[in-house]
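If you want the building blocks of each chain, they are given just below.
There are 2 protein chains.
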Amino acid sequence: MNHVVIMAGGIGSRFWPLSTPEFPKQFIDILGCGRTLIQLTVDRFKGICPDENFWVVTNEKYVDIVKDQIPTIPESHILAEPAARNTAPCVAWAGWRIRQEDECANIVVTPADAVIMNVEAFRAIINEALGYTAAADAIVTLGIVPNRPETGYGYVESEAVLCGNVHKVAAFREKPNLETAKQYLSAGNYLWNAGIFVWNVGTLINSIRQYAPQIAGVMDMMVPDGGVPSKSVEELFPTCEKISIDYAVMEKHPNVCTIPADVQWSDLGNWQSLHEKLEKDSQNNGCVGRVDLYECQNCVVHTEDAKKVVLQGLDGYIVSEKNGQILVCKRSEEQRIKEWSSGEKA
Amino acid sequence: MNHVVIMAGGIGSRFWPLSTPEFPKQFIDILGCGRTLIQLTVDRFKGICPDENFWVVTNEKYVDIVKDQIPTIPESHILAEPAARNTAPCVAWAGWRIRQEDECANIVVTPADAVIMNVEAFRAIINEALGYTAAADAIVTLGIVPNRPETGYGYVESEAVLCGNVHKVAAFREKPNLETAKQYLSAGNYLWNAGIFVWNVGTLINSIRQYAPQIAGVMDMMVPDGGVPSKSVEELFPTCEKISIDYAVMEKHPNVCTIPADVQWSDLGNWQSLHEKLEKDSQNNGCVGRVDLYECQNCVVHTEDAKKVVLQGLDGYIVSEKNGQILVCKRSEEQRIKEWSSGEKA
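Protein sequence lines, in the order shown, are assigned to chains A and B.
For what it's worth, our numbering labels the leading residue of the first sequence as 48, then goes sequentially.
For what it's worth, our numbering labels the leading residue of the second sequence as 48, then goes sequentially.
Hints in this document: simulated from the structure, not taken from any laboratory.
Do not rely on the hints blindly, as some may be mistaken.
[Unchecked claim] Below, computed lysine-lysine pairings styled on BS3-like, alpha-carbon distance capped at 30 Å: (1) A:Lys324 with B:Lys377; (2) B:Lys385 with B:Lys222; (3) A:Lys355 with B:Lys354; (4) A:Lys385 with B:Lys222.
No experiment lies behind these values; they were computed from the predicted model shown.
Isolated chain A, as found in the complex (with noise of 0.2 Å):
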């Protein structure tokens, strides 16, 4: 049977105020499109796995959130972190446990924030990815098509084709500087990593049994494959190394591929990211919430709770607004707001 589990552990504050440890981006109508990206995320994966299978880790406090938006999951299947670790001892705990249910799972591993617009040609992908790792000891990454020398992602180097569209990796690589990041996009085997992964039950947990065995060994008090926790999760997984999946597993992985996948796909990083998906005015306003604009141009706007916003002669600026709080910014300076956002001005 198909799993797909979700990671929705961030607590994001680039998008401050409308993101906030309290509830971050995931949890968030971000695109003013009606559903939360959290939302977006378990729709992309409709008819890829039934809803009894999905799977959701997060911080303890987001559980309620978790049910209140995705009341369809089951509650066992809400994995809640006592601690932040890192999304390799996320992953592993969700093996675990799903190996408990099902010993043939064959499982997606994804992001809770990532935006996905060509959700059709996505799931063909991960459906070509399924059929794949079903039957192999092999772990599937989707490798997003770059569009741009994007210097903020890892990337995914891809080889020969092993079947239909699976390509062997040859290595995952580091942020690039923008000279290699050119170099990487004009090679045209050079794919994004978007932390999406696929693989079967036996591989998610024999991998990390040999490349992360501090993590394993956690996961064999603490969901054992038969008998009784000898710990709690309080006390067990807030003691799993902190590292993420990537370096634990799957730069060491002797046996990753990849799909290609031209899905138009965002991370939704920030809001430079956000301008670009949302649809824009006829001065390359992009705007979420009812707001009145005059003379403005190349602005992203969003207001969730406000009753009236008036904005007038900005070019450029970011303004967020939620639950009393207010940001107005260039465009330019969004790498400050999470020092913002938290900082109290002398």
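Starting from the known structure of chain A, arrange chain B on it as the hints suggest.
Relative to chain A, chain B alone:
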């Protein structure tokens, strides 16, 4: 006895969203000093008349706000207009009512929403004016000594000294064009009409009887000198001619005087004048409320309800927030705020 009549019926929307027709400017702590404009007006007359001699004329929908903000005022001294008829009927009603309680009353009439920073000098001038009108059938109007060739105010042309600092008024002058305003400023005997008048109750009533007989006729029915009113305020007041006290009486009365007043007056009629009155930071920003500014200059910011506001990279903007409504606009465009506040943008 001295009485103070505060005219507080304005519904100005030039400070939207700070000021709204439901809660206009005079009831707002626009300076961020802890007192609303009408409270500052009451404070200004402390020592000039006792609490029980204050009167407020306002629209009926603001009565509860007045009670709340000026708990010392007798409830029967809040005159609730069922309709806005400009200032002449408002002053007349107060005059007729005061005569019922005090036939020898000496009265100051003042707007509720001006700001006077030099209260000590102001009180001295008011006392001199009251001393003059206690014995004379005259109207003394405060003439604000101008500091710029302002085209937004009416002027009072003063001439010879009658007594002390009391000058005869030669004429009232309409809002001038810039050239005329410059001539007024250099001439030295043209003063701003601040709408603050001092007269005794006999002069007040006789003046209205002579120069605004329609209004006097309504008042004789509404507030008879002995006996009971023939009809209700709701029926009678709206039948008054809609006219300002300046047009109706001041410009026609033969014995209007003025005392030049250098009292750091401001009508706070717009964001520009608020910016002038506020303490500025090193970048010429004037802020009321909790705001974090980064690389901002020449801004005027007023926040009321927001928990946190971060502004970056704004030069010469108005930022105002209240009750879930937000405005960001260039200071040069503030004359359009009124239109934006009511308009539903297509």
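* Checking against the hints above, which ones are violated? -> 4
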